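Residue numbers (UniProt numbering), protein chains in the order written: chain A, 1 to 341; chain B, 1 to 341; chain C, 1 to 341; chain D, 1 to 341.
For the record, the hints were derived by calculation from the structure and aren't laboratory data. Some hints here could point you the wrong way.
Between beta-carbon pairs, the in silico distance windows are [as the list claims (entries may be wrong)]:
id, chain 1, residue 1, chain 2, residue 2, range
1, B, G310, A, K323, 16 to 24 Å
2, A, E194, C, E46, 37 to 45 Å
3, A, E83, B, L198, 52 to 60 Å
4, C, Y213, D, S207, 51 to 59 Å
5, D, R72, A, G59, 24 to 32 Å
6, A, T311, B, P51, 57 to 65 Å
7, A, W302, D, R72, 39 to 47 Å
8, D, R86, A, P51, 24 to 32 Å
9, B, R171, D, E194, 34 to 42 Å
10, B, P51, C, V224, 53 to 61 Å
11, C, L198, A, E87, 42 to 50 Å
12, A, T311, B, G228, 33 to 41 Å
13, C, G310, A, E194, 51 to 59 Å
14, D, E194, C, L198, 54 to 62 Å
Owing to the predicted nature of the structure, the values given are computational and were not obtained by experimental measurement. Glycine included, C-beta positions come from ideal geometry on N, C-alpha and C.
There are 4 protein chains.
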Amino acid sequence: MRVGVLTGGGDCPGLNAVIRAVVRKGIQQYGYEFLGFRDGWRGPLEGDARPLDVQAVRGILPRGGTILGSSRTNPFKIENGVERIRENLAKLGVDALIAIGGEDTLGVATKLHDLGVKVVGVPKTIDNDLNATDYTFGFDTAVNIATEAIDRLHTTAESHRRVQVVEVMGRHAGWIAIHAGMAGGANVILIPEEPFDLDQVCEWVESRFRSNYSPIIVIAEGAVPKEGQLVRQSQELDAFGHVRLGGIGEVLAAEIEKRTGKESRCVVLGHVQRGGTPTAFDRWLATRFGLHAIDAVHDGDWGKMVALRGTDIVRVPLAEATKELKVVPKELYEEAKTFFG
Amino acid sequence: MRVGVLTGGGDCPGLNAVIRAVVRKGIQQYGYEFLGFRDGWRGPLEGDARPLDVQAVRGILPRGGTILGSSRTNPFKIENGVERIRENLAKLGVDALIAIGGEDTLGVATKLHDLGVKVVGVPKTIDNDLNATDYTFGFDTAVNIATEAIDRLHTTAESHRRVQVVEVMGRHAGWIAIHAGMAGGANVILIPEEPFDLDQVCEWVESRFRSNYSPIIVIAEGAVPKEGQLVRQSQELDAFGHVRLGGIGEVLAAEIEKRTGKESRCVVLGHVQRGGTPTAFDRWLATRFGLHAIDAVHDGDWGKMVALRGTDIVRVPLAEATKELKVVPKELYEEAKTFFG
Amino acid sequence: MRVGVLTGGGDCPGLNAVIRAVVRKGIQQYGYEFLGFRDGWRGPLEGDARPLDVQAVRGILPRGGTILGSSRTNPFKIENGVERIRENLAKLGVDALIAIGGEDTLGVATKLHDLGVKVVGVPKTIDNDLNATDYTFGFDTAVNIATEAIDRLHTTAESHRRVQVVEVMGRHAGWIAIHAGMAGGANVILIPEEPFDLDQVCEWVESRFRSNYSPIIVIAEGAVPKEGQLVRQSQELDAFGHVRLGGIGEVLAAEIEKRTGKESRCVVLGHVQRGGTPTAFDRWLATRFGLHAIDAVHDGDWGKMVALRGTDIVRVPLAEATKELKVVPKELYEEAKTFFG
Amino acid sequence: MRVGVLTGGGDCPGLNAVIRAVVRKGIQQYGYEFLGFRDGWRGPLEGDARPLDVQAVRGILPRGGTILGSSRTNPFKIENGVERIRENLAKLGVDALIAIGGEDTLGVATKLHDLGVKVVGVPKTIDNDLNATDYTFGFDTAVNIATEAIDRLHTTAESHRRVQVVEVMGRHAGWIAIHAGMAGGANVILIPEEPFDLDQVCEWVESRFRSNYSPIIVIAEGAVPKEGQLVRQSQELDAFGHVRLGGIGEVLAAEIEKRTGKESRCVVLGHVQRGGTPTAFDRWLATRFGLHAIDAVHDGDWGKMVALRGTDIVRVPLAEATKELKVVPKELYEEAKTFFG
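Bound-form chain A, shown alone (with noise of 0.2 Å):
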């Protein structure tokens, strides 16, 4: 038997580890051979491979990244995409694939699937918004990293008696906010999935600055105001004559400064929070994700996908992991705002 492997979509701490152990128990335990593609889907897509044999995974499972490069190539949207997919695996004698990505990739891999494609997958998504796994890997490493940037904050913000806004990862959902909000002792965290109140932040902010203490605000890149709200002017230039704005973090910021009068900033933590080596859970789960996928391209038990249930790994319908976006329960948010102002 030989197997496929590719990683697509954004990087995450732990795709390394996948691979790892996705190839070490197949060589050791089932006696397979293994092609690591290159670029996510446009490896396999144009016939990018390698070998990947147990010294090409020497060292990897502390190294952030993938040693196979990602894309968000699309197999579907390019002509004859389908096509020259199942007569380059056919060339390279690859029998199975198995797909690490989030929603794309996996979509992908679905549709692969029911065309008769062996292929399992491994949820990947620093988000955490993948459906049908309790987490996935990648995620508790930003959390960590966000967390430990918020906990530098506080003093600074404390120093100068100043409002710390802190942009985090998160587009349609709000788990790292929410974590790492709830980890750094966040005194607001704003989520996608509740349209946030202009007023009531400041209040929040102001509440703060009344018992002494210095507010920290945790926002998510795809947090938005209520309708209506932060349809302000700005008007200050840079040094190259543009108007000088950010995202919603650099918004918020400067609305908050306009309407309380507080000396207020913004830091956007960005691609930090996706690289270097995985927490010790990340790994973990990487390395047993890998392990049970490569069990069930053993069992032949394709179309499925490995997924984390309470401390079980378990396998799903690729299907379900994408059906739709797992989001921040309320009563989650609920329980955060014991903290808030």
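Chains B, C and D: place on chain A using the hints.
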């Protein structure tokens, strides 16, 4: 309603996060008053307590240890212990207790509940071996500290072609060993659940050297050899004329060196694993445990313990937590073995 | 003797360590009393102070920020500012001042000294650009935070074959950029001391891609292009209809992408660099600065600043610290260039 | 010109950074070729070497340990050792050597230089006790690891009202102990330079408890009691019937517990201090050492060692490095004592 809070047993990152969440929600949402008892069950036994208000729990979320102190005092082993607790609770006007602790502390809580004391429990053990909850806070921190240490030891082992033994916590269960060992890429993991065979360990060591790498062995402090093994006589003396020999890790390293001729060293991570700031996950779990514990008090749901199941916090009977030890399942240990040797 | 202590300017890890050392040694060795002025020069200006005893400085050694608060208040820009300070010092019985701060704070201290106020200075700048001392505390912490971020960004850049620009602090001097850039293995480092040539930067970027690696560019916030470069017109609009454009890092990333066709991203590390717990070196340096500052007070050595020279703490005239900016020497930048491209 | 590079003695974070800098600059600027000798002086002794090009040193900057391996082989203690080295250098066409190491490795280098071998040295010792340089790389990493451990141990000590002894590296000099002890807020620091008085130590311990805090004692592995002290007889046996007793830290903890009645524990940090990724400072210092070492080769400045003086890298005669041990000066220890008790 006046609620007493206490922390018992070995300290653990996250204790302060529980206390803070209990007090913040209890005051803001339910209008309760709080008394913090000092040093576990010694507090109610001797009536040693201090008021806990919002100010008292400010800034403690990221701090390791416990602001209430801890001890291993067991009122059931002290004359009139239970009576004295009843009297002190009455005298101090304490209506209910939240007991945060492990097997011993919750064992006492269970018995007190049977005797009519209104008590709610929060599970705590760095070792993760309490029944009825997926994880306990503090464990993730310990695993990350151990994993980081293993990461560091790899490079030394490689540079000197040396066997490196790392002894981690876990007297009765190998949770820290197996999590940190898998996350750290250990070549052998030894846990209390499965007595090890010294010949097999040495074979793994030699196989690792044959692939031109240096072995890292992670061993739980409670791991033991198969019967009849390791009855060697060491005669190495230290500066004071004493035979120099430590715990199982050191014994194992010495034995491996004797048998394989390879230089072997042992590091005992010890108390470093249980101190300091909690990881984001542990702060999150501890905070949610605290929020749900005070809800249980509010609901009058006495004799219950909060517990993690998947991503939910649930309530289980206190007695369940201590009725048996949660050990590493055989299948999980088999997964880990994929990477041995 | 009653000594006043204040911290001015931007906050910086290590400020609390200085305060602790000053107070501990001053009380134990010399029997002094201490007043902590709030928010830099605003404190003495408005007579806003609180007593500092051993208890007040307990546990602050590892904490970032400053327990005294900070501000940029300049008494020489306020009517009767100096007079009011004199009056308040007299009223509060303060015999001498220890001023901990950067260019502005020490500039005020210098002038006050010239006017007869008994003052000793402690140099503080995250940017390391104060003259007359090898290093200032806080700088090592900032460099380590930036280096860790660069470490993390490498794996993302590689996985996506992307240009990653990292904007670090340093308005007038490139110390953080060159230290973190060299430590993080950056492929290009751009500093305020040497205006950069955009063609050259793009050439380095392309050479890096030619060796099959992805470039990391570290740029100080104060770095500027050679005259006439970068006057491009961006028209990208954000959600609020504003042109979306940030600091020099973002401008550079956009320009590189335009010129080379390679996907380019920018992360602005911002305030995360100046908060949180100090590194061991910064705690050590800050502690020693504090111990030597109170010795200078004891010796009546007014108008002096403590400074690091090699491994020694020495005293230099306050005026020296601010007489010129300490910039990155040309030879050091040449050393860094070894690794460009 | 073909240059040989070797690393000897205990491993140390930063060794790879030196190798990388030497090779990168040597190839790009001077057009040299490089051979990496394996395992310190064993490499040239046995002619065991491999070519080092730019590819071979890619990605090693942040990695601890040494890609060349290390050993304590001393050619002067082996028959015809020097002759064999000469022959191998000639056979392999090696014109000059860069020896990276501590007292032993540089001692050999000094003697070889006296015999006409062209050699340049780079000082390396985790203990920071080499003469003629302000600091050596690896030391800052060790100090940070030890400081972080002390930070963590504080909370455990407080929670349990316990004496915590932390044994750190430093056989002949107390540099790590005094730096980490001061940075970590230790209450007692014991170093080899000054034999300690047990009564005094117990007095500090008790004074700390009297202020309602728990003492942390940092002790260098080479610290010794005053003559005649600590000749106690321990009889505690371990599972194998051996007297259970470790290094000086454990002995001290046992003795303090016996004398003061306070529960006392010891953690021996051990090899964790010398492994893993270097701090930013160590990467910076190691990189600059490497750049200046290859410059010395280019200048034909044989028999020299690079050294740090303030912020400058200078060259000193190799013999100076080893002519005496650099110990903690008495005044510095006095500074640290400000915080004892």
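Verification of the supplied hints:
no.: 1; hint: G310(B) / K323(A): 16 to 24 Å; in the structure: 19 Å, holds
no.: 2; hint: E194(A) / E46(C): 37 to 45 Å; in the structure: 42 Å, holds
no.: 3; hint: E83(A) / L198(B): 52 to 60 Å; in the structure: 58 Å, holds
no.: 4; hint: Y213(C) / S207(D): 51 to 59 Å; in the structure: 57 Å, holds
no.: 5; hint: R72(D) / G59(A): 24 to 32 Å; in the structure: 26 Å, holds
no.: 6; hint: T311(A) / P51(B): 57 to 65 Å; in the structure: 39 Å, violated
no.: 7; hint: W302(A) / R72(D): 39 to 47 Å; in the structure: 56 Å, violated
no.: 8; hint: R86(D) / P51(A): 24 to 32 Å; in the structure: 44 Å, violated
no.: 9; hint: R171(B) / E194(D): 34 to 42 Å; in the structure: 38 Å, holds
no.: 10; hint: P51(B) / V224(C): 53 to 61 Å; in the structure: 58 Å, holds
no.: 11; hint: L198(C) / E87(A): 42 to 50 Å; in the structure: 44 Å, holds
no.: 12; hint: T311(A) / G228(B): 33 to 41 Å; in the structure: 34 Å, holds
no.: 13; hint: G310(C) / E194(A): 51 to 59 Å; in the structure: 57 Å, holds
no.: 14; hint: E194(D) / L198(C): 54 to 62 Å; in the structure: 59 Å, holds
In summary, the structure is inconsistent with hints 6, 7 and 8 from the numbered list given earlier, while agreeing with the others.
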